[in-house]
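Two chains, each in its own frame: build the complex with the hints.
Protein sequences appear in the order of chains A and B.
Per my numbering, residue 4 is the first one in the first sequence, and the count goes up by one each step.
Per my numbering, residue 77 is the first one in the second sequence, and the count goes up by one each step.
These are calculated hints, taken from the structure and not from any lab test.
Treat each hint with caution, since some may be false.
Sample of chain B residues facing chain A (criterion: CB under 10 Å; computed from the structure) [unchecked claim]:
hint	residue
1	G153
2	G168
3	I187
4	Y203
5	I249
6	F366
7	G431
8	T474
9	C497
Backbone N, C-alpha and C define an ideal beta-carbon position, used for all residues, glycine too.
Now for the letters of each chain:
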Amino acid sequence: MSYEIIGITVLWLFLYGYLIVASVDFGAGFFAYYARITKKDHIINRLIQRYLSPVWEVTNVFFVFFFVGVVGFFPDTAYYYGTSLLVPGSIAIILLAIRGSFYAFENYGSKQSNVYMFLYGATGLFIPASLSVALTLSEGGFIVEESGTVTLNYLDLFTSPLSWSIVGLAVVSVLFISSAFLTFYASRANDQAALKLVRGYALFWSTPTIIAALTAFIFLGQHNERHFNNMMDLWWMLGLSVGFFMIAMFLLYIGKYYGLAFISIMLQFFFAFFAYGIGHYPFILDPYITVQSSATHESMGIALVVVFIAGLLLLIPSLILLMKLFLFDADYIKGKK
Amino acid sequence: MLFEQDPVLMSRLLTTLTLGFHIIFATLGVGVPLMISIAEFIGIKRQDPHYLMLARRWARGFLITVAVGVVTGTAIGLQLSLLWPNFMQVAGNVIALPLFMEVFAFFFEAIFLGIYFYTWDRFKNPYIHWMLTIPIVIGAGMSAVFITTVNGFMNTPDGFLLENGHFAAVNPIAAMLNPATPTKVFHVLTTAYLTVAAVLASITAFMILKKKTSDYHKKALKLTMSLVFIFGILSALAGDFSAKFLAEHQPEKLAAAEWHFETEEGADLILFGWLNDAHEVIGEIRIPNFLSFLAYGDFNAEVTGLEEFPEDEIPPLWIHYMFDLMVMIGFALIGIAFLYLILSKMKKLNEHNKGMLSLIVLSGPLAMLAIEFGWVFAEEGRQPWIIRGYMTVEEAATTSPYVGLMFILFLGLYIVLGVLCVVILRKLFRNSPVEDELEKQYPTIEKGDSE
Ligand code: HDD
Ligand code: HEM
Ligand code: HEM
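The shape of chain B in the complex, shown without the other chains (with noise of 0.2 Å):
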């Protein structure tokens, strides 16, 4: 069988798959506790039942996602050493650090998870429970922080020294703190933030589309779209940064999504287009001078081109694709939430109308898939390594000839957990409408959420 003869290129197949499902319940499980905790502040301190009702919502569709996230999250952590033990047993020496204090921060997470869930109007002061949400979001946030770390390891090794083939003298805080590490984890946080308010923001206009407007609509609506624009010109600003620090660190891979050949003064920015046989962009969007904008914020810089790397060592040029959708979506989210918020704020104009509306309810899926994008464009442009400079992604790999059988059971896996997760999500919200709930709820408050 075809499958069985290549372990590296099943072993690589299988991670993509679980690393990409899990980024999408780990991006959630990021931002919501954000979402929420903001949401419930304003609720208790406005006194506004409805932004209460929306902090109980989201956190009620939570529960699903996040135990969708933490066992997709096991899975990749034992993956890891099942399928690239090599690379486990070579940079464990170094990376074990940030991995173990990861599980301190899911502990303290789920702890807090599990708190705040059953605790709903178990205290008197409402700022207790809300109180309950900033272990939940610091928590989530730093385990996206210690796991960026190791990733900024794998791009930009840092932190030991190289004796006979084995690394020596090693420094772990060093290995955290690698060049990549600041810019990889600003870009990491604001998107997973900025992505979920765009996935909320896209189910409430949906919701508007379907029904009609409703004051709790209205403010959700009014509320995500805000977070949008804040984190989407944050992203961007981090995603800057992130392609200077690629300038500087590595060349290879930004040369790589800018087709970008041979060395020069003032490049120019390409989008899109493709290579002809001679390796000849055709058909592309050329901004003059605007990679070595981006590159070093100066329109005169000198940007490295590929010409300057061997050849067995340039990443695949189609991940030119992936940069430039994920920067397109980038700049078509801020697009949508300022278009909004001047809508808004004009008295005269409807922002609720179909056509606005429609463009939010594509805003979700549009950053979910940018995050896809973005991580395919992150570590296939480290090809053909798996830690830069130090060890291949062939030399990482298994050999165990069952990945392949493997990868048809996890596939199955994550079709059936990916299913009943939208299902059940679907049915959840489906059976108790907002209107019944905040009938009920309000204001007759005292009414425990897990009955």
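Only chain A is shown next, with the shape it has when bound in the complex (with noise of 0.2 Å):
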């Protein structure tokens, strides 16, 4: 395999990874504060502060991660994306900035003020919506290049019906892994009053998440032919990552092996994640940038993945301790650490 084939694959690879772990983390900042309005946070608020409170900045580096490396694999996207991106991008910094800092401040700092839960709620449904509007821009049609310079084009951005669908998806599916990730806590924790409410929330969002999926898929036809045919020739990654979302539903429905269930979630969105990257290939951006076009130089590509390699060796066995320690340490979870 070549080397930009590579750094591709680990960068999707590391983007689905930020997927499922921001999915997590953002949806829970929603539920807590639902949760708070609606007088149930006594029941859950617990669960979520000792599952996040060790492990937000490690997803916030999936994210650094990601960015950094495409931008050191291929580095025209940031010539194209980061020109155009100037406010999106800069608005979700603001909105990440405020997440991340209020979060601290309010877990480690002072009593919880409703006003941080709001901001931190909201902002878990804000984020993912405005990350997603970069896998809109990539499907081409809204950056142009012309005489040199690249801009974006805000009204077809806001009234293309993709954009908004994928947005809805972003969303949808954010509620859907988080409620199904607390689901597995609860049941770990044994927690049963926590384990009923989010279970319930889990089960709730699955429906809306598959419509959204067919929906965004749907108008992903009518916008890009090209990446919509080449999705359905893999039409088996799709099929299978609907088995999975039943299995998943199944597994939720009659109450048991909640682990199981949030593994086959995990399996659902990756091979649907996976059928939309492999589809989108080769373009990085439709219709400027591809893989081959835009790859850095080999020297730094090749030492680009050694580092990368490298860098698994040092983090896997640290990871492992970590989830060890607070995702599998049933006394931790339970409260008694």
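Written out as structure tokens, the structure reads:
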């Protein structure tokens, strides 16, 4: 495999990783707020906090990893996306900044205030919405280069059904993934009251997720036929995705094996996300940037791959330690430690 | 609107704003882990709860500043592409490696930070918990090292060939190990440790002034002031190396900083003063032959003057003040620490007198100012280049007309973050004074911190 293919695969994997861990985090923020206003916070907020406190920074690094990696492997992306994304990008940064710092201020600092909780919950939905815009842009037609200047056509973007359907999909997926994870976490903690509540959320958000996915897929077909057809050729991946969704729903419904249910949901998104990504290939930004045309020099590409492997060797044991201590240590989850 | 007319100027201002804000928290992020580690180690070794409590309380405050460091760092990371797309497109080919490695360093640090904070008293052997600080110290230090190599590259680009306007034959390792890297890394690390020690000392001194002396505060002050002294000396040494590096590789920066117009042997060091219309220096303090010494370690060496450079490649001359202020502060910090150590060694003298303590209170903010002055000097001294000799700042900037608007948004964000950070920290420590906490935690140790 050539280094640019390895590069894009690795980055896509990390984006997938971010999708999962960030969804858990963003959605949990929303549920924490929702529970607060519906006066159920005593049931689940402790659970949410015990998971989130040790890992929020790690979640953020996934994101940083992705954008630093993209610009590293494919420097042309900095030029096109950088120039056109100044405004949406800045807004996303500000939302992320508010969320991250307020989280710390609230949790480690003072007692919980409603304003913080609100901002924390609201940004949990706005951030995925604003980040998902980058995916819409990559489909082409919104970023145009004319006589050497790159501009973003806001009017087209805001009136495009594709763009709104992707935003919708991002938001409901966040809620679905997050509630499914919390269901698993609550069952580990053996916290029946919380389990009942979050399992309800998970069941509720499943239907909108599948509907939003279909809608986005249809609008994609209208906007970028090439991409749509490529994905249709990967029908078996889409099929697997739906299959895992059914398994997850079944398990959630019968109320057993929540761990397996969450893994099924991860696989559901894995296959859908990769079908989308492979279908997108070779374009990074349709029609300006392809994986090949924008790849960095070979020596740099190889250096990055080497560092990546070395980095993983360092990180994986550390991540396992983190998970062992917080995610799979039953006593910790139950609050005994 | 004035704002919308010049994306270059606005991009520079926004970068300055974000970096100027981030560097405060980045410096804390590099230095505080080392301080925590030292305090916890002493605490375990001497079985002294005071030091353990120091480590705990520093760590708790650190959680807040880390958060601001992370979010502002994410901001600058994205802004590099948003504001300087041409720079990242070109330089990305050469400097992607250190930026990528930096992310791994963060990752590593973040994971262990998470573990460290939530595992006080979870291990039977206290040294295991202490050992968790090692990857944090290393991770934080390495992120400073990697980002500094990038900055070094901008000053003395290396590791590529220029072929019809494009970078070719890229060698990422050579780019990282460019001539500026060794001195810069050494100076950035030592000053970060110096600054954090000074900040912690000044908080302690402030507490003593406000309330009363306790053993806890005395020990904290002794520890931090000793570190100020050690890292102060190392910083000055590193600064001297940096000046020698400049003399050799970036002579226009040193010459602009020193208002050294004509190439000459036995050059004088000029402190402060100002320039009249004819570009003559007046009202300065002149130290004969010292510039030659600073630049080459030899009082008679020849130092390149600004006359040797084309007019449009000379950095702005006001960086002279930045340099002077930074150096003055450096010597002042060493002086304050030295005085304190002398006083504390002399049995008859009281090192906790009002005057001494007030000086120490000043040292933290001064050190942070020196960091800011140092960076403004280093970055402004590179003007007009963004990659010295290859690309100017003007060529690198975005063409988007909205930068001015974004500047206002970010200014608002940083004001809110800065104010809240201070408010929350004060609340955090006011609500649980050391005395109460010591009583609660020790000797009945076994109690988690996260509760
Ligand atoms: C507490 C902070 C602090 C203190 C006390 C000093 N410095 Fe400094 N200095 C920095 C903080 C700093 C910095 C923020 O770390 C800089 C900015 C860019 C860099 O690489 O380091 C820097 C840059 C910097 C440079 C430019 C390097 C370059 O652009 O490549 C020189 C020549 C010096 N310093 C020299 C000194 C000397 C002779 C000092 C005498 C005591 C001194 N510094 C004290
Ligand atoms: C252009 C310059 C810089 C860029 C692009 C940058 C980028 C970043 C990014 C992306 C983060 C967040 C990482 C995360 O999500 O955890 C961050 C945080 C951090 N940065 Fe910066 N940084 C810059 C300058 C510096 C400097 C000069 C230092 C050290 C001297 C530094 C040290 C740190 C540290 C230690 C953190 C982690 C936060 C903490 O632990 O407090 N950075 N930076
Ligand atoms: C490592 C920590 C760094 C700090 C604290 C820092 C600090 C600063 C400061 C204070 C300025 C404003 C100078 C002025 O008054 O115009 C500046 C300018 C700038 N810096 Fe750095 N810098 C750092 C590293 C970097 C790195 C690694 C990059 C790029 C990869 C970078 C890119 C820029 C750019 C593009 C500008 C604006 C152009 C200019 O005015 O020089 N800086 N930086």
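Inset, instruction - Closer than 10 Å between Cβ atoms is the bar; does C497/B clear it against chain A? Give me holds or violated. - result: holds, 8 Å
Legend entry - Hinted contact T474/B with chain A - closest CB pair below 10 Å: Holds: closest Cβ of chain A sits about 6 Å from T474/B, inside 10 Å.
Legend entry - Status of the G431/B interface restraint (C-beta, 10 Å, chain A): Hint on G431/B: violated, closest Cβ of chain A at ~34 Å, above 10 Å.
Inset, instruction - Classify the hint on Y203/B as holds or violated, based on whether any CB of chain A lies nearer than 10 Å to its CB. - result: violated, 17 Å
Inset, instruction - Double-check I187/B for me: the hint is only fine if its C-beta lies closer than 10 Å to a C-beta in chain A. - result: Because about 5 Å separates I187/B from the closest Cβ in chain A, which is inside the 10 Å limit, the hint holds.
Legend entry - Interface restraint verdict for G153/B against chain A (beta-carbon cut-off 10 Å): holds, 6 Å
Legend entry - Proposed interface contact between G168/B and chain A, which counts if any beta carbon pair is under 10 Å: holds, 3 Å
Legend entry - I249/B as an interface hint toward chain A, with CB separation required under 10 Å: holds, 7 Å
Legend entry - Interface restraint verdict for F366/B against chain A (beta-carbon cut-off 10 Å): Violated: closest Cβ of chain A sits about 43 Å from F366/B, beyond 10 Å.
Checked against the numbered hints given earlier, the structure breaks hints 4, 6, 7 and satisfies all the rest.
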